[in-house]
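Student: If you want the building blocks of each chain, they are given just below.
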Amino acid sequence: MNKSRRRRHGVSVSGMLAALALVATAGVANAACPPNDDDGTVINKGDLLLAFKPLLKADSVSKAQRIPMARHFALDVQLCDRGGVSGAQLTKADASMPAHKHGMNYRPTIKPLGDGRFRVDGMMFHMAGRWQLAFEVQAGKEITRLTHDVQAD
Amino acid sequence: MTFRPTEHHSGRRILATLLFLLAPAAAAGTDGFSAGELERIASHGPWPTEWMRDPGNRVSANAAAIHLGHRLFFEPRLSANGRVACATCHDPARGFQDGRATARGLADGTRNTPGLFDVRHQRWFGWDGGHDNLWSASLRPILDQREMGGSATRSAALLRGSAALACHYRQAFGKAPKATDPDLLVNVAKAIASWQETLASPPTAFDRFRDALERKDDAAAATYPAAARRGLKIFLGRGQCSTCHAGPLFTNGEFGDIGVPFFIKPAGVDPGRQGGIKRLLASPYNLLGAHNDDATKGNATGTRYLRPEHRNFGEFKVPTLRNLTLTAPYMHNGSLATLRDVVRHYSELDEDRLHTDGERILKPLNLSEAESADLVAFLESLSPEAAPPTPVEPPGVAACR
Numbered sequence: 082m083n084k085s086r087r088r089r090h091g092v093s094v095s096g097m098l099a100a101l102a103l104v105a106t107a108g109v110a111n112a113a114c115p116p117n118d119d120d121g122t123v124i125n126k127g128d129l130l131l132a133f134k135p136l137l138k139a140d141s142v143s144k145a146q147r148i149p150m151a152r153h154f155a156l157d158v159q160l161c162d163r164g165g166v167s168g169a170q171l172t173k174a175d176a177s178m179p180a181h182k183h184g185m186n187y188r189p190t191i192k193p194l195g196d197g198r199f200r201v202d203g204m205m206f207h208m209a210g211r212w213q214l215a216f217e218v219q220a221g222k223e224i225t226r227l228t229h230d231v232q233a234d
Numbered sequence: 447m448t449f450r451p452t453e454h455h456s457g458r459r460i461l462a463t464l465l466f467l468l469a470p471a472a473a474a475g476t477d478g479f480s481a482g483e484l485e486r487i488a489s490h491g492p493w494p495t496e497w498m499r500d501p502g503n504r505v506s507a508n509a510a511a512i513h514l515g516h517r518l519f520f521e522p523r524l525s526a527n528g529r530v531a532c533a534t535c536h537d538p539a540r541g542f543q544d545g546r547a548t549a550r551g552l553a554d555g556t557r558n559t560p561g562l563f564d565v566r567h568q569r570w571f572g573w574d575g576g577h578d579n580l581w582s583a584s585l586r587p588i589l590d591q592r593e594m595g596g597s598a599t600r601s602a603a604l605l606r607g608s609a610a611l612a613c614h615y616r617q618a619f620g621k622a623p624k625a626t627d628p629d630l631l632v633n634v635a636k637a638i639a640s641w642q643e644t645l646a647s648p649p650t651a652f653d654r655f656r657d658a659l660e661r662k663d664d665a666a667a668a669t670y671p672a673a674a675r676r677g678l679k680i681f682l683g684r685g686q687c688s689t690c691h692a693g694p695l696f697t698n699g700e701f702g703d704i705g706v707p708f709f710i711k712p713a714g715v716d717p718g719r720q721g722g723i724k725r726l727l728a729s730p731y732n733l734l735g736a737h738n739d740d741a742t743k744g745n746a747t748g749t750r751y752l753r754p755e756h757r758n759f760g761e762f763k764v765p766t767l768r769n770l771t772l773t774a775p776y777m778h779n780g781s782l783a784t785l786r787d788v789v790r791h792y793s794e795l796d797e798d799r800l801h802t803d804g805e806r807i808l809k810p811l812n813l814s815e816a817e818s819a820d821l822v823a824f825l826e827s828l829s830p831e832a833a834p835p836t837p838v839e840p841p842g843v844a845a846c847r
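Chains as they are written, first to last, in the numbering used here: chain A, 82 to 234; chain B, 447 to 847.
None of these hints come from the bench; they were simulated from the model. Where hints are given, some of them may not hold.
[As the list claims (entries may be wrong)] Some chain A residues close to chain B (C-beta under 7 Å, calculated; not the full set):
| # | residue |
| --- | --- |
| 1 | P116 |
| 2 | A151 |
| 3 | H153 |
| 4 | H181 |
| 5 | N186 |
| 6 | Y187 |
| 7 | R188 |
| 8 | H207 |
| 9 | M208 |
| 10 | K222 |
[To be verified] Straight line, CA to CA, 20 Å or less: simulated EDC-like cross-link-like pairs of lysine to aspartate or glutamate:
| # | chain 1 | residue 1 | chain 2 | residue 2 |
| --- | --- | --- | --- | --- |
| 11 | A | K182 | B | E797 |
| 12 | A | K173 | A | D202 |
| 13 | A | K182 | A | D234 |
| 14 | A | K173 | A | E223 |
| 15 | B | K662 | B | E483 |
| 16 | B | K679 | B | D477 |
| 17 | B | K679 | A | D234 |
| 18 | A | K173 | A | D128 |
| 19 | A | K182 | B | D798 |
| 20 | B | K724 | B | D590 |
| 21 | B | K743 | A | D202 |
| 22 | A | K173 | B | E755 |
| 23 | A | K126 | A | D230 |
| 24 | A | K134 | A | E223 |
| 25 | B | K679 | B | D664 |
| 26 | B | K679 | B | E660 |
| 27 | A | K182 | B | E755 |
| 28 | A | K192 | A | D175 |
[What the hints assert, rightly or not] Ranges of calculated distance between the beta carbons of each label pair, as one might list FRET restraints:
| # | chain 1 | residue 1 | chain 2 | residue 2 | range |
| --- | --- | --- | --- | --- | --- |
| 29 | A | K222 | B | R753 | 22 to 32 Å |
| 30 | A | T172 | B | A844 | 57 to 67 Å |
| 31 | A | Q213 | B | G607 | 52 to 62 Å |
| 32 | A | T190 | B | T836 | 42 to 52 Å |
Because the structure is a prediction, the values reported are computed rather than measured. We treat Cβ as the ideally placed atom computed from N, Cα and C, and that holds for glycine.
Working from the sequences, and respecting the hints, build out all of it.
Tutor: Structure, rendered in structure tokens:
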């Protein structure tokens, strides 16, 4: 069940390759586990930590953490558990407005980048108000659901 | 319009609290608007707002294409009977609209003709968002049997047969109009799109007020009429209008159901966004298709990630609220004649008409006569006071005879 690998100190060859591939393709700094400020907002359930950070197109003003409403954005997600990078998979990322009983007009996709890191594309908060981000993480047969509220105004 | 993840870092939270505590003090010098209201007001500008050329249209912002597109927009020979041009319905003297409830070309249509000012800023085109780009929305009416009833063959023959049009075409696309008819039709639409991109509405009384508040220039802000100011408060507050009519364009660019009937006389329904999504995904001219000039398809995000939902039935595009004084009547079916009628619609909203999936934001506002007049005054302040500017063509294009 517990598939977590400890890569932070003892680095395996495949881990190094994955890290290299990540730097080469995504061009984003590799996340640390446990996450720090650079990894964005951190939420947790039990031992599982999930850090998410909005990624903005170059054309939009990117004050730290601020996403223009009604524009597409991507999320950078890092999964960790107490021991380090988590072997769990991000299987679902979505958002809804509980007060208005509707979700997004778009269905995001998830791309694994290796080392517990994922990129979620196709997000958009099309209305002002409170949105609830919802993530599903699968480790073995166990599915963990994490939610987090954000205010779009 | 921004979203902030809920703060977790105590430093930032303290700062936020401080700002919040300071807010009432700041409000004194800013016209009785709260800090939250001021932030929202700021989010409806600046105007004009930033625009970048359309990567999906290789002649976007191309001066020669703008010249060609201008001529084609007023060209009735694109239509089956040689009498209907884009400008027949999109009349420059009326904010590029026709003043009719529903459009009439070769035959009667079922939807209201939208104005075309600021159309370059939209994400979806048509009341149902059946198009994801401006040039395919410009191609649709040429082929639509009720509008112009034209064809690729007719459009291509017109280009090839007119020395002046062929010359402008060569200037815009770098070669003579020798491509296949369907490809020429797409290029006709791309040229007309590039001209429509120049249709920008000027700053309004609201924009000057918004900018004055930003600068903390009380004297300039004071010239904004008191009625419009009270209407703005309703718009941001009780009315919750800016939830959907957001940002500098006063639209979030998406779709909603506000209880405007979707029945079509004598029989039938307009499925709105649900039909629009079907139309979009079936179209060879959408951004996932071969005619998108952006090789990366990075401009196709909206189309690629679309999620059809039941609630899309009877949803229509949230229209911009700029230039309203030029574009009556209102709504997708032109069913409301005046802004007063629109405000009455929201004030007396029939909740039974909102189908079960309808937005929960909308409740009857029960506005008084005076409040309704204020909201109308605010809406009017989003339109230019003077006659809209005649579109200018960029210089530097050699004459064609």
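Student: Please go over all the hints and tell whether each is borne out by the structure.
Tutor: Taking the hints in turn, this is what the structure says about them:
1. P116: Because about 11 Å separates P116(A) from the closest Cβ in chain B, which is outside the 7 Å limit, the hint is violated.
2. A151: holds (4 Å)
3. H153: holds (5 Å)
4. H181: Hint on H181(A): holds, closest Cβ of chain B at ~5 Å, below 7 Å.
5. N186: holds (6 Å)
6. Y187: holds (4 Å)
7. R188: Status holds, d = 4 Å.
8. H207: With a closest approach of 4 Å, the H207(A) hint holds.
9. M208: holds (5 Å)
10. K222: Violated: closest Cβ of chain B sits about 28 Å from K222(A), beyond 7 Å.
11. K182(A) / E797(B): holds (16 Å)
12. K173(A) / D202(A): holds (12 Å)
13. K182(A) / D234(A): Roughly 18 Å between the alpha carbons, so the hint for K182(A) and D234(A) holds.
14. K173(A) / E223(A): holds (14 Å)
15. K662(B) / E483(B): holds (14 Å)
16. K679(B) / D477(B): holds (11 Å)
17. K679(B) / D234(A): Since the Cα atoms of K679(B) and D234(A) sit roughly 16 Å apart, the hinted pair holds (cutoff 20 Å).
18. K173(A) / D128(A): holds (19 Å)
19. K182(A) / D798(B): holds (17 Å)
20. K724(B) / D590(B): Distance ~17 Å between K724(B) and D590(B) Cα, so the pair holds.
21. K743(B) / D202(A): holds (14 Å)
22. K173(A) / E755(B): holds (18 Å)
23. K126(A) / D230(A): Roughly 15 Å separates the two Cα atoms, so the pair holds.
24. K134(A) / E223(A): violated (25 Å)
25. K679(B) / D664(B): holds (18 Å)
26. K679(B) / E660(B): Within the cut-off at roughly 17 Å; holds.
27. K182(A) / E755(B): This hinted pair holds, its Cα atoms lying about 13 Å apart.
28. K192(A) / D175(A): holds (14 Å)
29. K222(A) / R753(B): 22 to 32 Å: Given range 22 to 32 Å: holds, Cβ gap about 28 Å.
30. T172(A) / A844(B): 57 to 67 Å: holds (59 Å)
31. Q213(A) / G607(B): 52 to 62 Å: holds (59 Å)
32. T190(A) / T836(B): 42 to 52 Å: Once the Cβ atoms are compared, 46 Å apart, the range 42 to 52 Å for T836(B) and T190(A) holds.
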